[in-house]
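Chains A and B are the protein sequences, given in the same order. Take any residue in the first sequence, count from 1 to its spot, add 166: that is its number in this note's numbering. Take any residue in the second sequence, count from 1 to its spot, add 166: that is its number in this note's numbering.
Among these hints, one or two may not hold up.
Repeated chains share a single entry, so a pair holds when one copy, or any two copies, can fit it.
List time: in silico BS3-like cross-link candidates among lysine-lysine, alpha-carbon distance up to 30 angstroms [to be verified]:
1) Lys217 - Lys170
2) Lys261 - Lys237
3) Lys376 - Lys170
4) Lys261 - Lys354
5) Lys170 - Lys216
6) Lys372 - Lys340
7) Lys337 - Lys255
8) Lys376 - Lys217
9) Lys216 - Lys245
10) Lys237 - Lys376
11) Lys354 - Lys184
12) Lys216 - Lys337
13) Lys217 - Lys354
14) Lys255 - Lys217
15) Lys261 - Lys170
16) Lys261 - Lys219
17) Lys354 - Lys245
Everything labelled a hint here was simulated from the structure, so no lab data went into it.
The residues making up each chain are set out below.
2 protein chains.
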Amino acid sequence: MNAKTMEIEQFIDVLASKAAVPGGGGASALTGAIGTALASMVGNLTVGKKKYKEVEEQIRAQMEEAEQIQKQLLELIDKDAEAFEPLSKAYGLPKETEEQLCYRNQVMEEALWKASLVPLEIMETVSEAISILEVMAEKGSRLAVSDAGVGVQFCRSALLGASLNVFINTKLMKDRERAQQLNSRCDKLIEDGVRRADAVFDIVMKEIRK
Amino acid sequence: MNAKTMEIEQFIDVLASKAAVPGGGGASALTGAIGTALASMVGNLTVGKKKYKEVEEQIRAQMEEAEQIQKQLLELIDKDAEAFEPLSKAYGLPKETEEQLCYRNQVMEEALWKASLVPLEIMETVSEAISILEVMAEKGSRLAVSDAGVGVQFCRSALLGASLNVFINTKLMKDRERAQQLNSRCDKLIEDGVRRADAVFDIVMKEIRK
Chain A
167 MNAKTMEIEQ FIDVLASKAA VPGGGGASAL TGAIGTALAS MVGNLTVGKK
217 KYKEVEEQIR AQMEEAEQIQ KQLLELIDKD AEAFEPLSKA YGLPKETEEQ
267 LCYRNQVMEE ALWKASLVPL EIMETVSEAI SILEVMAEKG SRLAVSDAGV
317 GVQFCRSALL GASLNVFINT KLMKDRERAQ QLNSRCDKLI EDGVRRADAV
367 FDIVMKEIRK
Chain B
167 MNAKTMEIEQ FIDVLASKAA VPGGGGASAL TGAIGTALAS MVGNLTVGKK
217 KYKEVEEQIR AQMEEAEQIQ KQLLELIDKD AEAFEPLSKA YGLPKETEEQ
267 LCYRNQVMEE ALWKASLVPL EIMETVSEAI SILEVMAEKG SRLAVSDAGV
317 GVQFCRSALL GASLNVFINT KLMKDRERAQ QLNSRCDKLI EDGVRRADAV
367 FDIVMKEIRK
């Protein structure tokens, strides 16, 4: 799969189908990329304007970061699909003899671990995007403040969406200590990311409705 | 613009640019379409399975609705861009004489009204998608329950994202009564939609982490 070059309707049709990939993980990466693009949009509407000369350097630095994150998230759509393949193969392994079952468990455990790392990476990446949107909402052009508010909602949903895709994998892991470590990492990212996203959105909403 | 046939990366690059459209409104329609596609995915993984024979008819009906909504939301990306054009033109009208100013105000008022109706339609459409995701999360295949949870987060963010695009227009409307009517409609959609989306997500999260 090469999600980037797929037509929007084509991607959405495959997502809607019963094909195993893309699923909620890849869709979260895409939604995070859309949110990050809105951060760039605010930046592009800010730089070069006299009124925002003082923050221009800071905005430009954030825009560079946003561009990287956007690219990374688009790559993560494919990476999520690739990580699902070994998991899907592991499910298909025979489990009739004790030996087969033991081997299957081993392969499965490794595949679950790898499949949970991609949505975790999506979570970490959209958390960074939320930080960029914080700056854009605070210091970017007031004419585009609503776009920062929209972007932060998308990244919030991508964060929570990706977390479900970590939890469905860690739930099945036999190594509970490793699973718990991943879960705590997710919980921290959710707590921090949702709090920050909601704070940005509240500020934007208040500014727009005052 | 024909968003449907644009490549994903191409659309995201235009979104990130300083081009006036697509902006937060069109991006909300797209994110809503992605969320709705996940409802269809859950449906497709449910129908035809013995275990879900009893709910098959209900799920099929929801899937048909989801397909319509998904199409509608993809069309709304373009519709939002089209509604922005007259508004952008109104801003450019001369405002030197009393007469020009009066005409400009009149054109502007009409353009603001029309530009706020599209994001309102996006809000109404994703609210319906949330209802479908409610059914999918409750009665669809348990193997895809996380996808229903992801979808509902996307529709929640699309609802809130689109609302900002109503509020930026109603804020500038001179006819405050009409503006207030639109705002109250938004407030109701937000209150109802966010509450339902959060309830679905909580149930999904609890099921996955139990």
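So, going through the hints one by one against the coordinates:
1. When the C-alpha separation of Lys217 and Lys170 is checked against a cutoff of 30 angstroms, the pair qualifies neither within a copy, at 36 angstroms, nor between copies, at 36 angstroms.
2. With identical chains, the CA atoms of Lys261 and Lys237 are never at most 30 angstroms apart, being 40 angstroms at best within one copy and 43 angstroms at best between copies.
3. For the homomeric pair Lys376 and Lys170, neither the shortest alpha-carbon distance inside one copy (39 angstroms) nor that between copies (36 angstroms) is at most 30 angstroms.
4. For the identical chains of this complex, Lys261 and Lys354 are neighbours neither inside a copy (37 angstroms) nor across copies (53 angstroms), given an alpha-carbon limit of 30 angstroms.
5. In the homo-oligomer, the alpha carbons of Lys170 and Lys216 never lie at most 30 angstroms apart, since the shortest distance is 35 angstroms inside one protomer and 37 angstroms across protomers.
6. Taking CA atoms no more than 30 angstroms apart as the test, Lys372 paired with Lys340 passes between copies only; the shortest distance there is 20 angstroms, against 47 angstroms inside one copy.
7. With identical chains, the CA atoms of Lys337 and Lys255 are at most 30 angstroms apart within one copy only, with a shortest distance of 18 angstroms there and 55 angstroms across copies.
8. In this homomeric assembly, Lys376 and Lys217 come within 30 angstroms of each other (Cα to Cα) only inside a single copy, at 22 angstroms, whereas the closest approach across copies is 53 angstroms.
9. For the identical chains of this complex, Lys216 and Lys245 are neighbours neither inside a copy (42 angstroms) nor across copies (33 angstroms), given an alpha-carbon limit of 30 angstroms.
10. When the C-alpha separation of Lys237 and Lys376 is checked against a cutoff of 30 angstroms, the pair qualifies neither within a copy, at 36 angstroms, nor between copies, at 35 angstroms.
11. For the identical chains of this complex, Lys354 and Lys184 are neighbours neither inside a copy (32 angstroms) nor across copies (34 angstroms), given an alpha-carbon limit of 30 angstroms.
12. Proximity of Lys216 and Lys337 under a CA criterion of 30 angstroms is satisfied inter-copy only: 25 angstroms between copies versus 53 angstroms inside one chain copy.
13. Neither within a single protomer nor between protomers do Lys217 and Lys354 lie at most 30 angstroms apart by alpha-carbon distance, with minima of 37 angstroms and 37 angstroms respectively.
14. Only between protomers do Lys255 and Lys217 lie at most 30 angstroms apart by alpha-carbon distance; the minimum there is 23 angstroms, versus 57 angstroms within a single protomer.
15. Taking the shortest alpha-carbon separations for Lys261 and Lys170, neither the intra-copy value of 38 angstroms nor the inter-copy value of 44 angstroms comes in at or below 30 angstroms.
16. Only between protomers do Lys261 and Lys219 lie at most 30 angstroms apart by alpha-carbon distance; the minimum there is 28 angstroms, versus 66 angstroms within a single protomer.
17. Taking CA atoms no more than 30 angstroms apart as the test, Lys354 paired with Lys245 passes inside one copy only; the shortest distance there is 23 angstroms, against 39 angstroms between copies.
Violated hints, in rising order: 1, 2, 3, 4, 5, 9, 10, 11, 13, 15; the structure is consistent with all others.
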